[in-house]
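Full structure from sequences and hints, please.
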Amino acid sequence: MEEKFLIESLSPIERNTLPHLTGDFSNLDEISEKSGQDKTTVFRATAFLKNKGLIEDKTSGKKRVVLGILGINYLKKQLPERALLDNLVEKKTIPIGEIKNVCDLNENEARVAVGILKKKAIIQIDGGRVNLVAKPGEIRNKMIEELFIEKLPLELDKLEAQDKLALQNLLSRKDIIEVEEQKTIEVRLTKLGEEIASKDLNINLIEQLTPKILKQSSWKGKKFRRYDLTSPSPRIYGGKRHFVNQAIDYGKSVWLEMGFKEMSGDLTTTGFWNFDTLFTAQDHPVREMQDTFFIKNLKGKLPLDKKLIEQVRKAHEGGIDGSKGWSYKWDEEESKRVLLRTHTTCLSTRTLKKIAENKEFPAKYFAMGTNFRNETVDWSHGFELLQTEGIVIDKNANFRHLLGYLKQFCKKMGYDKVRFRPAHFPYTEPSVEGDVWVEERKQWVELIAAGMFRPEVVVPLLGENIPVLAWGPGFGRMLMKFYEINDLRELYKNDINKLREMRFWMK
Amino acid sequence: MTILTVNRKEFEKKIGKVTKEIEEKITNMGTPIEEVTSTEVSVEVFPNRPDLLSLQNFALAVNQFNGKSDLAKFNIQKPEKDYLVKVEKSVKNVRPHTVCAIVKNLKFDNEKIKEIIDLQEKLHNSIGRNRKKVAIGIYPLEKIKLPITFSAKEPGDINFLPLDSPDRKEMNGKQILKNHPTGKEYAHLLENSEVFPIFTDADGKILSMPPIINSEETGRITEKTKDIFIECSGHNLHYLNKCLNIIILTLSEMGGKIYSMDIKDPSGNLVTPDMTFSEMPFEIKNLEKTLGIELTEKQTRNFLAKMGIGYDNRKGKSIALIPSYRADVLHWIDLAEDIAIAYGYENFEPEIPEISTIGGEDPHGKNKRIISEILAGLGLLETSSFHLVLKKDVKKMHFDYKEFIDIEDSKTDRDTLRIDLLTNLLQIFSENSNASYPQKIFEMGRVFALDSSKETETGIKETERLAIALANEEVNFTELKQILDYLFKMLNKEYSIEDVEDNNYINGRSGKIIVDKKTIGLIGEIAPRVLKNWKIKMPVVALEIDLGFLSN
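Protein sequence lines, in the order shown, are assigned to chains A and B.
So the number in our numbering is just where the residue sits in the first sequence, counting from 1, plus 456.
So the number in our numbering is just where the residue sits in the second sequence, counting from 1, plus 1191.
Since the hints were made in silico from the structure, they are not lab data.
There could be a bad hint or two in this list.
[Stated by the list, open to error] List time: in silico BS3-like cross-link candidates among lysine-lysine, alpha-carbon distance up to 27 Å:
{"id": "1", "chain 1": "B", "residue 1": "Lys1508", "chain 2": "A", "residue 2": "Lys851"}
{"id": "2", "chain 1": "A", "residue 1": "Lys755", "chain 2": "B", "residue 2": "Lys1583"}
{"id": "3", "chain 1": "B", "residue 1": "Lys1602", "chain 2": "A", "residue 2": "Lys949"}
{"id": "4", "chain 1": "B", "residue 1": "Lys1480", "chain 2": "A", "residue 2": "Lys755"}
{"id": "5", "chain 1": "A", "residue 1": "Lys532", "chain 2": "A", "residue 2": "Lys490"}
{"id": "6", "chain 1": "B", "residue 1": "Lys1480", "chain 2": "A", "residue 2": "Lys810"}
[To be verified] Now the stretches of chain B that chain A is said to cover, found in silico as 3 or more residues with beta-carbon under 8 Å:
{"id": "7", "segment": "1379 to 1388"}
{"id": "8", "segment": "1481 to 1495"}
{"id": "9", "segment": "1512 to 1524"}
{"id": "10", "segment": "1560 to 1571"}
{"id": "11", "segment": "1649 to 1656"}
All values derive from a computational prediction rather than experimental measurement.
We put the beta carbon where it would ideally sit given N, CA and C, even for glycine.
Laid out in structure tokens, this is it:
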């Protein structure tokens, strides 16, 4: 920065401080005294001046031994070993178990006192009693520890041999003494600083533009103090949408752009909508308690549409639309069980039923929301999962269209390269899984599960076999990748510090 | 997820070298490669294809897919004298059916015995639904005198030495369920039955007590075994036959000679195994329409053959010949998938059809987004919590709440559905005392209550709620009321507040929030008792409202 600018950028406290500095080191206390500013102000001023290259500093540390919390107390009263000794002088012998009470010490103090006096050969322990064995002269003299704490504070470097021994003994006991480091900062002008300091610093600069200055137009002909734009400013945090919801909003926008209508519904449902309408046999493992959250003591109702129930029964038992079905006896009671939905696909089946009557298709729907699995939680498994899925109902839809939608969908999500392979889901046929190429990692990552609803699903709901394309991406996985989260549990942890720092979803 | 792991050397004897190209082919066949090592090959087998669960069967499918093997054909011998299983009426209520076969001239070695046992276990666990639906028994024929009887007896009257008996002691039916390791594992399948099923031979010797365990004497095949008797028992003939046929395919591929048996079943006599194709009529044009590709009859025939399915043209009608061991072909749509796999998913040209539809967002979602924007503008942080919570946490505030909606056998410690959002927000305050204050948070989401109106199918009523909570050294009612005022002004709605007495809030500083004469929630300074329960060291002011009024 030019010299002129440098002078204009000096704040009032820097200006007050600068004349009291020289080319020789002086410490902050001296400067504080000379400039008549408090120490914090001087500290801030020197930091600013250093940033501008006008001064340099030097920090030196001295170690001092000072009293700790207990030490202050012992200095006032006495050390525990002295308390024990005084009592022994009087009583000559004390049972170990009674030291606490007799000497008014706590358990720890009593133990330490006995240990120390034993080490100094002042006492002996015999038959559970402490006996005084030292001569009266030794007893009267102060112990080195006592002398030491009376002398504190002392500089660590300047301790004498006897003090060093006392220091060692006392440091091994908690909170009696502490070694603290005292830092001294000294500053002096740099060459540039000397030059600036020699200039006239008393130029009249506007510090803060005020309504008064504006009103009086007193800014005319004056200069504003220049700010150091690079100096760090205190941090602030804003309010914001939860990052998972930001991602949901984004996901929705992708579906909406593609002309899909949102489906929504309850998180609790009967087995009928979650499983039976999706042609999931009643003895399928997914319908067992170890996979699904069932609600205790609650039995649901089936829909009022008797024909629908009969069609679903038929699809399961002997088949519908030429299918052979699952060849078993379908039980209404099983489908009345109430559970937390395991997939948003239960919304799709309700939607199919809803649009059947007026044949409102071709149509495209999507859902986005929470699903539940009875899982033991770890980094990659949660009991609440975020899922999204879309369906296309269209008389002319085919498998190639499904792949076309998938390709387009992945592209919107930012993945240009997709590959497909066979897969299996109980309610789609054909089924497909899609991997996307992740350039940064140079690898294929599984992202999409998809298929065409089976006729056994579609016919009871729509009344005829109309192709329904369905797919859902692994949304949680995308989310974790974007936010660089490695543990699923982080998504709903609500750590306020982390939420404040979390960046916005930008995709 | 079922993983089939096969011995690489044995597998390569059947299909040739496992190269990268073959690995890709196997994945494209619908059996994704899990791992290939120098000694083993592992693939994932989807639950609809239990017929692929042995090395023999899988290798056949790979060879068919590569055009190296024809359709599986079986030469089944007629039942010889006494090749008979008599099913007595006594099994009707416990395990009504069995299907059986005899296979001769087998050359077992360790690998093959392992393969059979592995297949048996995998079938038990998948299509057999942990032996409930199907249990399989395999016995060395030389230890048995035909014919066989399948009957049920009182457990106290069933005495035999089971396989792997702890003290090599004979046990009765009850003791097996109680003391034998396998008995204990599957006890639930027989426990409630008065009689237990058993297979006995012509000398009255007990072969096994399905679905639990075989006898030590007749129930172990060894390298010396040449001829075997197989039975599958259970409740549903369809699945029993599928299971038996899958095993027969394996044994047939191992070179065994298959003999059928007469099953005298009270509900109708059978001869099993029945390995004839089942016929499925279909129209090629339906496949074309479903897949969006053109198919000639010849292509159709070839693609089906690659998937192990036969094709016949009868008087101009297309018939698919489905192998008896395939359990997954229920509808012609299943042929479409097989054709697609044979055609190659990678060969389909993706296409986007021109359908014009108009998108639309769910109004609830839209409202929530708007509210979030308004509150974020005031510097509030949105949180997102689980719907499943701990009852003991809810009780920190609602100490006398009784109508909990509980979860059965939750694997997490969370045992109930949340009844409010405030519990979550207080928990967040409680866990974040290290973050600087003021802390201002809000959350929107579903809460659950029993449906007193009996309108819902589930008996549960779900409502969308909004909760806001502020924690700071000097936080008060007015600060939150300012936020509420601003929110309603921005939403162009009106509300009023009425005093309310509620244990969870400080008296005289809490009120009902009323919209259109209906109470939609509460606002107030949280009672010190509640804060103490949560170990929150700051005063908190909070509100929670039902968002239903926005859609009216």
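Taking the hints in turn, this is what the structure says about them:
| no. | hint | verdict |
| --- | --- | --- |
| 1 | Lys1508(B) to Lys851(A) | holds (24 Å) |
| 2 | Lys755(A) to Lys1583(B) | holds (25 Å) |
| 3 | Lys1602(B) to Lys949(A) | holds (19 Å) |
| 4 | Lys1480(B) to Lys755(A) | violated (42 Å) |
| 5 | Lys532(A) to Lys490(A) | violated (38 Å) |
| 6 | Lys1480(B) to Lys810(A) | holds (26 Å) |
| 7 | 1379 to 1388 | violated (count 0) |
| 8 | 1481 to 1495 | holds (count 4) |
| 9 | 1512 to 1524 | holds (count 4) |
| 10 | 1560 to 1571 | holds (count 9) |
| 11 | 1649 to 1656 | holds (count 4) |
When the structure is compared with the earlier hints, violations turn up for hints 4, 5, 7 and for no others.
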